Amino acid sequence: MEPTVLVVDDSPTVRKIVQMTLQREHIRVITAGDGLSALTSVADEMPALILLDIQLPRMDGYHICQVIRKNLQFRQIPIIMLSGKDGLFDKMRGRLAGSTEYLTKPFDSGELVRTVKKHLVNWQERVPVRQESMGMRPRLRYRT
Amino acid sequence: MEQQDRIMDGDLQTLGLQSILKMLALSEKTGKLFVSSGPETLSVSLRKGQIVGLHEEGVAQADLLAMLCLVGKLDPPRAQMIRELAQGNMQIALAMLVERGWMSADEMQHRLEFAVTQSISHALRWVNGRFAFHRQLIPLDSKMRPLDVDSVLLEALRQADEWEEIVAGGVTQLTRTTVARWLPEVSKDVGSLGLSQDCIEVLCLSNGELPLQAVSLVLMTPEARVARNMARLLELKLIEVVDTALETELQGDLSNIIIKGQHILAQRRNSPTPEQHLLGLITTLSECINGLLIHHGRYARHLRGRGHVPQDDIVRYLDRRFAQKLHMLTKQHYPILDTATFAYGQLDCNDILTLNKVVKGEQLEEFYWEAVQGLAAFLRMIFAELLQDEVGTSHTGRQLGVAWKIFLSEIDHEIQQYQIYRARRNVQQARGRESMMPSSPMSIVQNWHGVPENNGDYLSPGTGRRSI
Numbered sequence: 160m161e162p163t164v165l166v167v168d169d170s171p172t173v174r175k176i177v178q179m180t181l182q183r184e185h186i187r188v189i190t191a192g193d194g195l196s197a198l199t200s201v202a203d204e205m206p207a208l209i210l211l212d213i214q215l216p217r218m219d220g221y222h223i224c225q226v227i228r229k230n231l232q233f234r235q236i237p238i239i240m241l242s243g244k245d246g247l248f249d250k251m252r253g254r255l256a257g258s259t260e261y262l263t264k265p266f267d268s269g270e271l272v273r274t275v276k277k278h279l280v281n282w283q284e285r286v287p288v289r290q291e292s293m294g295m296r297p298r299l300r301y302r303t
Numbered sequence: 011m012e013q014q015d016r017i018m019d020g021d022l023q024t025l026g027l028q029s030i031l032k033m034l035a036l037s038e039k040t041g042k043l044f045v046s047s048g049p050e051t052l053s054v055s056l057r058k059g060q061i062v063g064l065h066e067e068g069v070a071q072a073d074l075l076a077m078l079c080l081v082g083k084l085d086p087p088r089a090q091m092i093r094e095l096a097q098g099n100m101q102i103a104l105a106m107l108v109e110r111g112w113m114s115a116d117e118m119q120h121r122l123e124f125a126v127t128q129s130i131s132h133a134l135r136w137v138n139g140r141f142a143f144h145r146q147l148i149p150l151d152s153k154m155r156p157l158d159v160d161s162v163l164l165e166a167l168r169q170a171d172e173w174e175e176i177v178a179g180g181v182t183q184l185t186r187t188t189v190a191r192w193l194p195e196v197s198k199d200v201g202s203l204g205l206s207q208d209c210i211e212v213l214c215l216s217n218g219e220l221p222l223q224a225v226s227l228v229l230m231t232p233e234a235r236v237a238r239n240m241a242r243l244l245e246l247k248l249i250e251v252v253d254t255a256l257e258t259e260l261q262g263d264l265s266n267i268i269i270k271g272q273h274i275l276a277q278r279r280n281s282p283t284p285e286q287h288l289l290g291l292i293t294t295l296s297e298c299i300n301g302l303l304i305h306h307g308r309y310a311r312h313l314r315g316r317g318h319v320p321q322d323d324i325v326r327y328l329d330r331r332f333a334q335k336l337h338m339l340t341k342q343h344y345p346i347l348d349t350a351t352f353a354y355g356q357l358d359c360n361d362i363l364t365l366n367k368v369v370k371g372e373q374l375e376e377f378y379w380e381a382v383q384g385l386a387a388f389l390r391m392i393f394a395e396l397l398q399d400e401v402g403t404s405h406t407g408r409q410l411g412v413a414w415k416i417f418l419s420e421i422d423h424e425i426q427q428y429q430i431y432r433a434r435r436n437v438q439q440a441r442g443r444e445s446m447m448p449s450s451p452m453s454i455v456q457n458w459h460g461v462p463e464n465n466g467d468y469l470s471p472g473t474g475r476r477s478i
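Each protein sequence line maps, in turn, to chains A and B. Numbered as in the numbering used here, the first sequence ends at 303 without a single skipped number. Numbered as in the numbering used here, the second sequence ends at 478 without a single skipped number.
Bound conformation, chain A alone (with noise of 0.2 Å):
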C-alpha cells in the first residue's frame, strides 16, 4: 500500500510538480487549492503527510495546521510548510502552528523527496482507522 501525501498550494505548477516527484517515488498524492478544500481532504483521503503553503486563499496555512493539531485524529500527522517566505518569523510561526518541518520555496526535488521520506517512516502507524464503516466520519472542526 501506498502512502498518501496531500499537497496544498494555489499554483498548479507547484503541485503538479510535486505530484510528479513524488509519485515518481511510489508516493500517491491529492492535491488542493485552497485552505478549506484541504480541510475537506485531510478528512476524506487521512493523509500520511500534509504539504502546505503558507499563502492560501480562504484560509491560510498557519490556521489550517493549527486546525489539524487541535482535531485528535489528525494531530498526528506530519505537516511539512512549503512557502518562499524564510525570514526566522515565519518558521517560528509555522512551529508555533505545529508544523513538523519547513521548507522553503523555491525548493529543491531531491530536498523535497528527502523530506518527505523522512517522515512518512513508519506512517502506517500513523494513519488514523477509517471510520466510515461505523458511521463516524471524522470531522475537522474551524472557525473563520
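Simulated from the structure, these hints should not be mistaken for lab results. Small disclaimer: the values here were computed from a predicted structure and weren't measured. Some clues are possibly wrong.
Calculated lysine to aspartate or glutamate pairs in the EDC-like style (CA-CA distance at most 16 Å, straight line) [as the list claims (entries may be wrong)]:
hint, chain 1, residue 1, chain 2, residue 2
1, B, Lys39, B, Asp15
2, A, Lys264, B, Glu380
3, B, Lys270, B, Asp158
4, B, Lys341, B, Glu380
5, B, Lys39, B, Asp158
6, B, Lys270, A, Asp267
7, B, Lys32, B, Asp160
8, B, Lys58, B, Asp160
9, B, Lys270, A, Glu270
Starting from the known structure of chain A, arrange chain B on it as the hints suggest.
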C-alpha cells in the same frame, strides 16, 4: 505460529527451485512456497501439489488493465472501474472482466497461466537466494484453475534456456525490467520498415513506460522472445533503452527550473505599475530560458555518453541549436530581441532590463511588451525542442510536458492581465480622442493593481459610472 507452519527452508544453491517444486508436487503438499533472491520474492501457492496462485514482490507490478487498453482489448472507463474494484490484484481484475463478459474465461486462464510461467521461468535463473515452504497459507478463492507443476516447469525451463541463448549471443543490457522507447526521429510509418509482426508489436509498445515483462504479458509472448525483438529494434536504431537513473535526474533538474520560474513569477506578481509587471515577466522568462539552456547543456542527447564535455563544446552546441532561432524570431516578429545577446550559451537580457535609462513613457512600455512576447515565444521554442531531444515521446516526456503547460498557463495569465489593461487603455484613449480630452495613459487607467482579477471592479472612474 510462523515457525510452526514452516516445514521446509533452505538455500537455493543447495536445492534449486525446479527440485523444490517437483518435490512439493510429488508429495502433494498444500501451502505457500516463498523464494527470494536479492530484493525479489516469489510466492507460489500450492494445493495438493498443484499451482493455484503466484505473487511477485520487489518488482513493480505491470498494470495489465492499462496494457489491455493500449492494445485495444479494453476501453479506459471500464479499465478504471475494474482497477478501483480490484485494488491492484491481477487475478481479481481478470475475474471481474470475465464476470462482466469483457473477457472469456479461457483467455483469463491462459493469461494467468502465462504470468505464472514467466515468473517461474525468471526465478529458475536465480543462483543465490533462499526458499521456505509454509503450510496452510493459500488463499481460499483462487481464480485460476490448478496448474500441473510438470507442465509449468517444462515451459518455464524452455523459456529460461531461451534467455540464456540471448545472453550468450551478446545481448546483456536487456532484463525483464528494461524499459524501451522509440527514438525521436523514428517515422510513424512502421509498416515500411520491413519488420516482422512480432517486432512491430514490440515497437508499438515501446512507449518509455512499459517494462519488457509487461510487454510480454500483454502480447502473451515469452519474455525471452520480446527481448530478442527488442535487441533487433535496438540494432536498427528504432528504440533506445531508457536510462531510469538519468531520467530521474533529468526530471528533477527540469522540475527545479519550473519551480524556480514559478517562484520568481509569484514574487513579481502584484507589481505596482504596468512597467514593473512587464519587467517582472521579462526577468521570469529570461531566467527560465537560461535555466533551460544550462539544463540542456548537461542533458542534451548529442552530448551524452561522452564523459566530461568541455564547456566550449557545450556553448558551441547551444549556439548552433538556438542562436539562429533567436535571430529568426528577432528578424521576423520581435525586433526588440536584437538588444538581447546570445553569448556563452546564455541569453543576456540586461539591455532590455535597463531600457528605462534610454527610453521613457509609453515607448518604454511598448518595448517591454514586445520583449515579453518575444521571450515567451523563445521560451516555448526552447522547451519544445529540449523535451523532444532529451526524453522524446515517453512517459516522462508527457509528464514534463503537462507540468510545463501548467506553468506556461500561469505565465499566460500574467500576460493576459497586461493585455486586458492595454485593451482598456486603448479603448479609453480612443474615447478620449473622440471627446478631445487630453490625458496621460496612467491617468486614464488607474489602479493597475485591480486588473488581475478581471471581475469588473477594476475600471476607470468614467467606465465604472457608465457600467452602473
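Evaluation of the provided hints:
1. Lys39/B <-> Asp15/B: Holds, at about 13 Å.
2. Lys264/A <-> Glu380/B: 30 Å, violated
3. Lys270/B <-> Asp158/B: Given pair Lys270/B, Asp158/B is violated - Cα atoms ~59 Å apart, limit 16 Å.
4. Lys341/B <-> Glu380/B: 13 Å, holds
5. Lys39/B <-> Asp158/B: 13 Å, holds
6. Lys270/B <-> Asp267/A: 9 Å, holds
7. Lys32/B <-> Asp160/B: Distance ~7 Å between Lys32/B and Asp160/B Cα, so the pair holds.
8. Lys58/B <-> Asp160/B: 14 Å, holds
9. Lys270/B <-> Glu270/A: 14 Å, holds
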